Amino acid sequence: MMPEVKEKKITAKDYASDQDVKWCPGCGDYSILKQVQSVCAELALKKDETVFISGIGCSSRFPYYMDTYGMHSIHGRGPAFVMGLKTARPELNVWMITGDGDSMSIGGNHFIHLLRRNVDVNVLLFNNQIYGLTKGQYSPTSEQGKVTKSTPYGSIDHPFNPLSLAMGAEATFVARTMDRDPKHMRPILIEGEKHRGTSLIEIYQNCNIFNDGAFFPFTEKTTKADNTIFIEHGKPLLFGAEHRKAIVLDGFTPKVVNTADVAETELWIHDKHDRVKASILTRFFDDPREEGALPRPFGIFYQEKRPVYEEGVSAQVEKHVKEKGGPNLNLLLEGPNTWTIK
Amino acid sequence: MIERCFARNMGQIENQIKDEVTILFAGDSGDGIQLTGGQFTDTAALLGNDISTFPNFPAEIRAPQGTVAGVSGFQLHFGSIELFTPGDHADVLVVMNAAALKSNLDSLKKGGIVVANISGFDKKNLRLAKYDDGVNPLNDGTLDGYKIHEVDVTKITRETLKESGLGTKAVDRSKNMFVLGFLYWMYNRKLDNTIRFLEKKFSKKPELIQSNIAVLKAGYYYGDTAEAIASRFEVKPANIKAGTYRNIMGNEATAIGLIAASQKTGLNLFCGTYPITPASDILHFLSKYKNFGVKTVQAEDEIAGICAAIGASFGGALGITTSSGPGIALKGEAIGLANIYEIPLVIVNVQRGGPSTGLPTKTEQADLFQALYGRNGESPIPVIAAQSPKDCFSAAYEACRIAIEHMTPVFLLTDGYIANGSEPWEVIKSEDLPDIEVKFAEPRELEDPAFLPYKRNEKLVRPWAIPGTKGLAHRIGGLEKDFETGNVSYDPENHERMVKVRQAKVDKIADYIPEQELDAGEDTGDVLLLSWGSTYGAVKTAAKILINEGEKVSHAHVKYLNPLPKNLGELVKKFDKVVMPEMNNGQFIKIIREKFLVDAIGLNKIKGLPFVTQEIVKKVKEVLA
Ligand SMILES: Cc1ncc(C[n+]2csc(CCOP(=O)(O)OP(=O)(O)O)c2C)c(N)n1
Ligand code: SF4
Ligand SMILES: [Mg+2]
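Chains H and E are the protein sequences, given in the same order. Each residue of the first sequence is one higher than the one before, starting from 420 at the first, in the working numbering. Each residue of the second sequence is one higher than the one before, starting from 453 at the first, in the working numbering.
Just so you know, these hints were derived from the structure itself, not from any lab. Computed from a predicted structure; not experimentally measured. No residue lacks a Cβ here, since even glycine has one placed at the ideal position from N, Cα and C. Incorrect hints may have been included.
Now the stretches of chain H that chain E is said to cover, found in silico as 3 or more residues with beta-carbon under 8 Å [to be verified]: (1) 477-487; (2) 503-509.
For lysine-lysine, the following DSS-like pairs were computed, each having C-alpha atoms within a straight-line distance of at most 30 Å [said to hold, decoys possible]: (3) K761(H) with K881(E); (4) K738(H) with K740(E); (5) K716(E) with K1011(E); (6) K642(E) with K761(H); (7) K466(H) with K891(E); (8) K453(H) with K640(H); (9) K738(H) with K724(H); (10) K432(H) with K922(E).
Simulated restraints on C-beta separations [claimed, not checked]: (11) G1021(E) with G731(H): 44 to 54 Å; (12) K693(E) with E589(H): 52 to 62 Å; (13) V440(H) with N828(E): 22 to 32 Å; (14) G731(H) with K891(E): 45 to 55 Å; (15) K1042(E) with F635(H): 30 to 40 Å; (16) V695(H) with N828(E): 44 to 54 Å; (17) I609(H) with K891(E): 36 to 46 Å; (18) K621(E) with E589(H): 37 to 47 Å; (19) V440(H) with E894(E): 23 to 33 Å.
Isolated chain E, as found in the complex:
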């Protein structure tokens, strides 16, 4: 039986307290889903909830309206407890049309709430969502076991605005405000944050401020008066460490991390890049901050983007290039050049599903091997991976530090999941950021000893000598160099020596990064969950659950993938079993097996979707059994 929430028991609204709630907003990409989700997120954050979000975009910009391909989603997890993922399954699924229900019902918890806009379930929409003639999932038993709120959002919105003088199109565009207002009511939120937002957003179009606020309120009052809803929920502020917080998305955090490194070092930031999903937002963010001296070049292709960044680095700028898998493939030759030049460069790969164009809007972490090995010749490059939206900041900052202090290209791996996801971030002060040491080679007089551009210091790092410096004119190139002079050399012994020293230089970075720590659990036990990149939140949550259940499980999350922390092998070997969840067909696991000869067990998900906690819990239990 479907539990239809028609009658309110004696007009009494029950107020339930919840630790955590996951809401999934879904609708046409034109329905304003991202904005609705974003507003709810901001309001929840301001109220002191912990939050984690994940938007899910269709690959097509405007796929035909009403179709499954055109559904856009925004998942929001908020709670009074600490959260690390956008939630395994939704408590509430808001669907603006039939297609949104069809493609998201799987994500709803058994017994969860569906808020359905019934005008999105008319004949036309049902047909577009490819339901059989005469079938309507709202009443054919599909939703048995769920609680449904059917609301004619379109109709009420039109009703609310019938005297506004706005055209139907403009009126219908504010439907999302109704839904937002209704959910604010359901979760006992105030409207003022969104009202302020609307006033700012439409400051040049006052009529839209009025109409949107009217619809937002209509949604709120609908909850109060429709006599349809039996319960409201309350999610208390989380017990978060005292401090000042902001909400941050991964790509934005990456951009800010890069700018912060440029500001702290006094090096101008130069980003040479070419648009590609899901990396473009980094370019969008960076290009706004011209007053930070940031120069961005949208080049003719990815190759030009990275080559321009290398050119800028040669000139003493902090050269950055950003892309995703297919673009990184194009950059391969130039990355090799930066490697043999031994010049600072940060290559950001916001990974997506591959190979080739693959799943442009979906997430995956299958470019680890590409980062480690995707070049001709022996071309070792440090690799760092970010673990969450906010961690993109410190990972980007750290990538810059290593690139500059060790004169090397550095790979920063993030992915579509954390790039577009967001979470609260305790605001860090510029003064509290670690220092990055920058030293350009000093000018030289004619009578001084010859300048040797490839002479190494104790870190095996060569000097960064930039054009314009007196007496340091020198040439760098992709041809092998003499160990002593840096001039072109085809000598066999010398080549081997150079290959080894470039490797040793990268290996030596292990002396300048932190040792590996456990994220949870004892330093010995039955199972070590060993993860990297964006799986952090799900694995951490799984580890917590397992530990609470009394299992001898620990969790280590690796940020430095090349070189690996010096103590990692030792740490791994203290566990009976090592389980490695990865959103790929098993890449990091091959490295761990090869380096430490441990029989690690893979847990691989390659669906373009992040792990849910339960998948990890289940796997560990199987291993323990």
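This is chain H alone, in the form it adopts within the complex:
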């Protein structure tokens, strides 16, 4: 018998580029980078066939730190680069990194069109509810009244709810996780990677310099249980200490009840394939500081199977090759009508 050649198992480190990571110490981006590298290793993604594409922002520096192919592009336009690359090379494994300003503000248009087209890409939306790179202006996801350098008396605009927007834009995979809960983030990243189509994963990310603690109600031990609900397909919506609280639907209105007070059959069992209920879940967007606020959901809200854009494009090409025959340049150059002069 031939001795078995054991291939060295690829590790998270193998996905790290030789460039120094330059985010502020303590920035939530570090933990996301670490989890992505570790998930890449776990799934043994081929470095030479993986591409990270980003826009502009602190978060968008991400591709420089991955030892894969990468494109750091221009502000907000990541989705368009993704669409072009995937259409030309559907076999590549493409990830897109974007910030809340990058995807919700300047790139809002591209973002929604990426989702409706359902290009096969994993989109990691680093939401820190602030413009980090430009040093702390409010963003389209900042809460109303946000005091920043550009809004010294508080912001006027109503914020976007990215996941609700995604549902409206016909997304086929909608999920949320947070930088401070790597255990939760990992399986979501893995599920997103497995999904065929645009996997939108919103990641609450702490910017400890310009918006420190924006998500503390959801991430810190003391408040996390009451303010968050971890949703899982096929499981009831339970939350709070020892899952003593539950969500039930009264018509289309979600209500918080004591788990003990309702029959098991009354509970809302999460079905990630149910578009209407998933949409209701994305509407759980209350300010946690307000009385009676619904808990903020984390997990996979929605998933649907829908043909992938780039495959549709390729299929059309194949169909035409079959029907009309392969390319014949001379026929094309000749055109339908010629005449000869002697």
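Assemble chain E with the ligands onto chain H, guided by the hints.
Only chain E with the ligands this time, still in chain H's reference frame:
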């Protein structure tokens, strides 16, 4: 006195031979003017005439019927001599209604022929064309000095088809066939080419084949029997170089040029774009040729279109984006990115009147500065301009060659005039197209030296390393790069070095393009006509006229606007005066003045319309005087 062509002298029809004729068809955009013109063109081409055409569309798709705003035109120049423009002025003006006459009479030669559909001059149409109450240009002296054929096209068409069983709408729609038949008679053409066309076009609606042919013939026989026309004309085949020809429109030629480059290189063509007049037809053409592996994406806007094309290029496709001025403005930031990425990309700008939305359906060449300078930072980009409809093919092909061989975005400038115009094109064979060199970076083993994505070769060109290639994983970005490693660098010395090397790389392209040649005339003389882009035909014709008159005039037409051909300065300086016609407020002239310190004289027309030859002849004579 109006020369009314009622009586035919003793029934005798005079047959006049003409070297060249320009016909201008004009009517409502619903009158089938473009189709009529197109058919006459095809028939003339098949007969061996040289041709050049120019359609003129209204900006509105269906402007109110009968109004001046709704007039659509098609100008056709055909001849037994070589032609380079659609004709300065028309010999024959065909008008389907009063508005068409009102907006086109200026384009008719003094003494020219008007063919008027008189039902288009009824009260309603006169009012819509904004003629004063009681005024009819057919009989108020407006047409004194012209020859008029008044024909009640609508009535005769209805008469012809009264037993066809078709509704009035369908019947009236074939009016244009009457006009076409009549003109075929006037110019001694046969009907068979158009009959074949109708049979194909309406193969699923045989009743329309019959009706259209009947009306076409009615128009032809009308000439024979109406006893109204004194002369017919004959335009003999042109003495064109032997070969096989086809008719081609500029936008189609651009599309085919791009596909040809993709086929010759084996790179898949990817076009990311957003519809805009007058560039959309390139997308329309490209999207038909899926069996050539062409992928087209109609993106959500122009920015997405170009970014998608850059993404595709990163993946090893031939990335293309097409647009017109306003769309190009949106693409600026991404063009800068392609410049710093140093990645192949072709940006096609089918120019139109600007600024802003400007004159969407009219032509202009005022985006040269935008192409050269319209970005932040030092961002040199090669620029090529097409000179005629058929030249769009070679210009597009050449743009691809430079983009690929020099790893750079390239601007291809055409404009609405040549994009929609058409001319015969000698069919070229795939085998005869120049080769384009494509080299992707080779895979690399772990123990090989590190891959340096911005290491340059003798052309100062970096390698094209596409995802999926073993061992070449690397990142590119819009941040400044280190000269050696390609990693992000904010070093001041390095930035300056990088700016200079990107410039040097583009300058070096001058070593790989042909030297500038004269199109006509001696290599020294009194006046050099120096032109670029779509003014070619008019300037060439003007130069010919002037040279024939014994003037010491020469003509050079510049195709490569950045970098310029190496010998251009030397060539220009051999003339006493340099006259530069441009359809803008003077752009190329500023470059020539700046680069070569010559006191060039501008001739600028900014009317949304191409030059007519005489405007150029006149200017040169003034300069010579
Ligand atoms: C066209 C353009 N406009 C503005 C900027 C400046 N800019 C860079 S990043 C940024 C906002 C980044 O915010 P976000 O996307 O939330 O990323 P973060 O830094 O928070 O990760 C802005 C406005 C730019 N780079 N390009
Ligand atoms: S500014 Fe905020 S988001 Fe940016 S690196 Fe620093 S901590 Fe992170
Ligand atoms: Mg942000």
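Here is what the structure says about each hint:
Restraint check on the region 477-487 of chain H versus chain E: 5 residues with Cβ-Cβ distances below 8 Å, three needed, restraint holds. Check result for the region 503-509 of chain H against chain E: holds, 6 residues qualifying (beta carbon to beta carbon below 8 Å, three or more required). Annotation: proposed proximity of K761(H) to K881(E) holds, straight-line Cα distance about 18 Å (limit 30 Å). Note on K738(H) and K740(E): the hinted pairing holds, with a Cα-Cα distance of about 12 Å set against a maximum of 30 Å.
For the suggested pair K716(E) and K1011(E), the alpha carbons sit about 22 Å apart, so the restraint of at most 30 Å is met. At most 30 Å may separate the alpha-carbon atoms for a hinted pair to count; K642(E) and K761(H) meet this at roughly 20 Å. A hinted pair counts as satisfied when its Cα atoms are at most 30 Å apart, and K466(H) with K891(E) qualifies at roughly 22 Å. Restraint check for K453(H) and K640(H): the C-alpha separation of about 22 Å stays at or below 30 Å, so the hint holds.
Proximity of K738(H) to K724(H) is assessed by CA-CA distance (about 23 Å); at most 30 Å being required, the pair is judged to hold. This hinted pair checks out: K432(H) and K922(E) have alpha carbons roughly 18 Å apart, not beyond 30 Å. Between G1021(E) and G731(H) the beta carbons are some 52 Å apart, a value that agrees with the proposed interval 44 to 54 Å. A C-beta distance of roughly 57 Å is found between K693(E) and E589(H), which places it inside the suggested range of 52 to 62 Å.
Our hint of 22 to 32 Å for V440(H) and N828(E) holds, since their Cβ atoms are close to 28 Å apart. Distance hint check: the CB atoms of G731(H) and K891(E) are about 32 Å apart, inconsistent with the given range 45 to 55 Å. Take K1042(E) and F635(H): their Cβ atoms lie about 60 Å apart, and the range 30 to 40 Å is violated. A C-beta distance of roughly 47 Å is found between V695(H) and N828(E), which places it inside the suggested range of 44 to 54 Å.
The supplied range of 36 to 46 Å is met by I609(H) and K891(E), whose beta-carbon atoms lie about 38 Å from each other. Hint check: K621(E) to E589(H), Cβ distance near 41 Å, so the stated range 37 to 47 Å holds. In this structure the hint that V440(H) and E894(E) lie 23 to 33 Å apart at CB holds, the actual value being about 30 Å.
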